[in-house]
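S.K.: Okay, here's what each chain looks like letter by letter:
Number of protein chains: 4
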Amino acid sequence: MTRPLIFLDPFPRTEAMVWDDATRAAVEEMGEVTAHFGSRAPDALVERILPEVSVIVGQTALPKERLDRAPNLRAVLNVKANWEPDLDYAEAHARGIWVLSAAPAMAPAVAEFALGQALSLLRGIHTADTRFRSGDMGIGIGGNAAARPLFGAEIGLLGYGNLGRALLPLLSPFGGRLRIHDPWLSDGYLRSQGAEPTDLGTLLAQSDVLFLLAGVTTENAGGLTRARLETIRPDAAVILASRAEIVEFDAFLSLAAEGRFRAAVDVFPEEPVPPDHPWRQIPNVLFSHHLAGGMEASYALIREMMLDDIAQVLKGLPPLRMQRAEPRLAGLMRSR
Amino acid sequence: MTRPLIFLDPFPRTEAMVWDDATRAAVEEMGEVTAHFGSRAPDALVERILPEVSVIVGQTALPKERLDRAPNLRAVLNVKANWEPDLDYAEAHARGIWVLSAAPAMAPAVAEFALGQALSLLRGIHTADTRFRSGDMGIGIGGNAAARPLFGAEIGLLGYGNLGRALLPLLSPFGGRLRIHDPWLSDGYLRSQGAEPTDLGTLLAQSDVLFLLAGVTTENAGGLTRARLETIRPDAAVILASRAEIVEFDAFLSLAAEGRFRAAVDVFPEEPVPPDHPWRQIPNVLFSHHLAGGMEASYALIREMMLDDIAQVLKGLPPLRMQRAEPRLAGLMRSR
Amino acid sequence: MTRPLIFLDPFPRTEAMVWDDATRAAVEEMGEVTAHFGSRAPDALVERILPEVSVIVGQTALPKERLDRAPNLRAVLNVKANWEPDLDYAEAHARGIWVLSAAPAMAPAVAEFALGQALSLLRGIHTADTRFRSGDMGIGIGGNAAARPLFGAEIGLLGYGNLGRALLPLLSPFGGRLRIHDPWLSDGYLRSQGAEPTDLGTLLAQSDVLFLLAGVTTENAGGLTRARLETIRPDAAVILASRAEIVEFDAFLSLAAEGRFRAAVDVFPEEPVPPDHPWRQIPNVLFSHHLAGGMEASYALIREMMLDDIAQVLKGLPPLRMQRAEPRLAGLMRSR
Amino acid sequence: MTRPLIFLDPFPRTEAMVWDDATRAAVEEMGEVTAHFGSRAPDALVERILPEVSVIVGQTALPKERLDRAPNLRAVLNVKANWEPDLDYAEAHARGIWVLSAAPAMAPAVAEFALGQALSLLRGIHTADTRFRSGDMGIGIGGNAAARPLFGAEIGLLGYGNLGRALLPLLSPFGGRLRIHDPWLSDGYLRSQGAEPTDLGTLLAQSDVLFLLAGVTTENAGGLTRARLETIRPDAAVILASRAEIVEFDAFLSLAAEGRFRAAVDVFPEEPVPPDHPWRQIPNVLFSHHLAGGMEASYALIREMMLDDIAQVLKGLPPLRMQRAEPRLAGLMRSR
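Sequences listed follow chains A, B, C and D, in order. Under our numbering, think of the first position of the first sequence as 1, with each following residue one higher. Under our numbering, think of the first position of the second sequence as 1001, with each following residue one higher. Under our numbering, think of the first position of the third sequence as 2001, with each following residue one higher. Under our numbering, think of the first position of the fourth sequence as 3001, with each following residue one higher.
Same shape as in the complex, but just chain A (with noise of 0.2 Å):
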């Protein structure tokens, strides 16, 4: 029996993310390995595989024309966090073969980190650090003013996919309301999941804290407009983790900045930020540069995924870890 051919072609996604002698030695455990690193494979390479490989590892372009030619095909596994545009996700749908995302890879990151955020937005924990620096004599309930408890608060999700999912566990013990208004879920689901579905509307006007989560699609694209912005309960700590693009990023900056809500924002609708972009002196903003999941320990995670699911679709089992293209949404989702 030949061993079956596993193709990896993770640009931007380096040798050293997804390659390690680990994974490596257990990859070619399992079948023959062509690997090209540091640039999107060559058009001539990816020919050359097509008519043999059983997995990719990658965003390798994957139009219909070269599914065709890929008859042993029985996975793709994209490294990063988003579904490519140039794969044609029907056609490998109607081929079977499945269509792998790493974003769950990044959630436990992404949601530790904007917990960090919103409880330094409440407990002023990064002020905290200038002021004493800078003399202030405020201490205890004398510098506390500003401080709101997260215990008890009432918090709310917008958009409930792997981000949401990793968070909620790490909010439960909090004890607050929790919310959760994602058009794409029914109400009954996210019952099942212990969180309350809700309007936008509510959502917005009801939480103490207010975590963005949502996917961009070309429908929601901008949809928390400067009119819905202005509807955010006053004083609210509300975390822009997902995507820049959900919100009309000027005007969420600039109402932060009066102080009608606290904010942190870890994502920009242009990165990197050019280092003398005016964003980054805007005042009342807890900044972070795209930091939230791409640590080390992410793409070991993405590393032990790639493994579990290479090894599952290997023996004809589904992929239990990476997370599977919806066909029908795959295609609303923007990419970059």
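Heads up, some of the hints might be wrong.
[Unchecked claim] A few chain C residues facing chain D, derived, Cβ under 10 Å:
no., residue
1, Leu2005
2, Ile2125
3, Ile2139
4, Leu2229
5, Glu2230
6, Arg2233
[Stated by the list, open to error] Here are the simulated lysine-lysine pairs, DSS-like style, with alpha carbons at most 25 Å apart:
no., chain 1, residue 1, chain 2, residue 2
7, C, Lys2315, C, Lys2080
8, B, Lys1064, D, Lys3080
9, A, Lys64, C, Lys2064
10, C, Lys2064, C, Lys2080
11, D, Lys3080, D, Lys3315
12, A, Lys64, A, Lys80
If you're looking for bench data, these hints aren't it; they were derived computationally from the structure. Predicted model only: the values in this text are computed from it and were never measured. We put the beta carbon where it would ideally sit given N, CA and C, even for glycine.
Following the hints, position chains B, C and D against chain A.
M.R.: Same frame as chain A, now just chains B, C and D:
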């Protein structure tokens, strides 16, 4: 039947902290109230209430000779989080007088603050903002060289009292190994709480995240000497949350400044810290000025617990929410 | 815009089970309804609805030639808990038609029943009543020679599908070691669920309480042979909850009758069991007549899940509550 | 330094229950041991040990005159689950002597038994076996007319002491509304435990599953009169788990016999119940003969808790595992 006399002497707690309208109304329904705010109640006033008083709310000095003159006294509710030195604990215990502290009301606020500090130290949340504003171009994994996850981290708690019990459920969802060292608690008890009991040496050497939560006693003051602190796991995140006196403070700051470990410090040997004190300029420490516990939400919880326990005591039932003095231990705790 | 056609053909489910007034009203709001109860829908009726139908609720036979004539079909909601053999899963999948089963709606009922069986076996709850009525004088520890605790017991699950996922949270508070054997699931996945993956031999030999929850496949039918069953830990409590075919049934009963282990049996190779069948007199077994899942509460949950998922599908969104057929696995599952 | 004297007088607990080899070895390492088994220790022996004894394990009568002669006594560990009437609780308290009961060691066993009883009552697990053996042909929903789910049921606890605290985490995963009535506990405390405080009338009328867990006091004996019992929600499952004296016992059985509610009974006003007592033939009740707590696993836990707390007390630290007598309440509890 005469109504019981309830005496309030909460200084340094202010009237606003413990005596809002709802609290006053609820207490006045339970008995006659005599109150003194703004300073320690004068001796003459104390002498006058002793023969009748059933419940004292506050830190009134209560040596044996005063207890001798208070035949109806059932409970003393210290609305601070400590054990006052000028109360005769053994005598109160012998007379069946409950002596209670409001420490449990502070614990949720301190626990969530400490979790936020830990996440900031591990994930660089507070430094990310400074770096972003300064034009730093590190983004994603390129900006996360020092980032480490809380998910899966080995966690150590030094001391497992009110703070530890409030913090444990917040840490559980992160799934890491959890060790506790507390010389006052048996191994069997710690295991029954879902934690792994351990000795101090292992705790310091094996924790990725180390929460210092012990109270100060006549036995452990300064117990974490420089030599001990040097055995902390390199690059661990260390949160000093309870009392500065449990560490050799200057050694602690200097090891943190050298990058030996990451540190968050909320408590100081001298408070308030003078505005120009050199501590305020130590690098590599996340400072706050005793902000972890003293917020409005904590005082609201004090009021709630106080009301609950006054009602219990006046019904002849044991108090449930505030912490009971352990007669042999209260004397060991250092107060201020 | 024309309203979608929803076709009901739920036999052997009755009208009462799936079509109460509230459900009917809700479905009729979502589309035009054609329904047939009391028998499998006649071919002529099926042929008539195929050209228009969007959603089929039931077990209508759907070979490729019928799917070819159903261009608008988006989903088939099997309201039984199995995968029907006369549906072309691969073709349905290729066409992007969701094929769903109501198995998850049965899982809570089965899980709580299985927990109750385990507690009865371990603690002798069902035998206590008989003994008491017969005048037995064993009381307290004098009557508990055979009693063993669930708290701290080593627990094994054979199979981790809908039943296992519903049962796990009920077992967690008992704090014992939890092992799972499921050849379709990777070790990494099982660990991510908080369980310890294990091989079949260890599972049988080391479990104090063993839940048999696997479905029957063409591969595992009769897999628990007498030889295998003899390796079960002596005096273990064994709950046969999913399908009788996964064990060598008469050997299983005979080992239980000999006291080799304690057994609870809810499923049989032949159902209903004839009234005078010798199985009914086997001693030392806690019998029930396929009562674990089929209760009114389960049908209420089927109706709720069905409504939720019809709504999702008609909005072009993925279903969330019912179970999706895995095209490669559905064919392996034996049905009846 | 002389080693402390530890005195064992555990009757009616037997030597086997409290004094296995490991326990004996561990206690002998902590001090000198004098032990008497098989009967209450003779007065002469008690008199002899009083002047030196540090710890008494058992139910030795300890009126004030004996306490006066026991200057070193630090703790009395009652290894039963009650409060003995012939101990002077107030005097022991005044002297700073811990008086402890082993009730918490019984709680896990009772809680899991009560959960099993509830599941049997709701789902008919114990009757299913009898029906099956008798040739009954009811299968699936056809045999489940009386079955009701625990998932989502409204649950009521009468009394929230050791039993309630052990039971609550077992019930939480079922997700139903949870109410508690306990006149000794404040509403705020019950809410802090995640339950809803309620009055007795609401508890009886609104619970689908009702756990009777209260101890008997001089105040509540017979408190659940026939009139009260008639207000129980029709067809509720009622588990009498703590003490028979809290209900009007014959009325309770007779209402259950009439089918007014479903009942499980483990405790009786007279124990052991004579073999031919008419109680033993009451229909529609799930009986057991005081089997809920007294099993080997409970005695193992008593030994573990006892060892832990002897060690704590001999170090001058508060006990942690056994229950402390509340001096005012212990006197209210009826014992036998």
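S.K.: The structure should be examined with respect to each hint, and the outcome stated for every one.
M.R.: Verification of the supplied hints:
The criterion of a C-beta within 10 Å of any C-beta in chain D is not met by leucine 2005/C, whose closest approach is roughly 29 Å, and the hint is violated. Given the 10 Å rule on beta carbons, the hint for isoleucine 2125/C holds: about 5 Å separates it from the nearest Cβ of chain D. The closest approach between the C-beta of isoleucine 2139/C and any C-beta of chain D is roughly 5 Å, which is under the 10 Å cut-off, so the hint is satisfied. For leucine 2229/C, the interface hint is violated, since its Cβ never comes within 10 Å of a Cβ in chain D; the closest pair sits about 21 Å apart.
Nearest Cβ of chain D to the Cβ of glutamate 2230/C: about 25 Å, over the 10 Å cut. The hint is violated. Evaluation of the arginine 2233/C hint against chain D yields a violated restraint, the C-beta minimum of about 17 Å exceeding 10 Å. Between the alpha carbons of lysine 2315/C and lysine 2080/C the distance comes to roughly 24 Å, so the proposed pair stays at or under 25 Å and holds. The straight-line distance between the Cα atoms of lysine 1064/B and lysine 3080/D is roughly 36 Å, outside the 25 Å bound, and the hint therefore fails.
A threshold of 25 Å between alpha carbons decides the hint, and for lysine 64/A with lysine 2064/C the separation of about 23 Å falls inside it, so the pair holds. For the suggested pair lysine 2064/C and lysine 2080/C, the alpha carbons sit about 21 Å apart, so the restraint of at most 25 Å is met. For the hint linking lysine 3080/D to lysine 3315/D, the alpha-carbon distance of about 24 Å falls within 25 Å, and the restraint holds. Pair hint lysine 64/A plus lysine 80/A holds up; C-alpha atoms about 21 Å apart against a cutoff of 25 Å.
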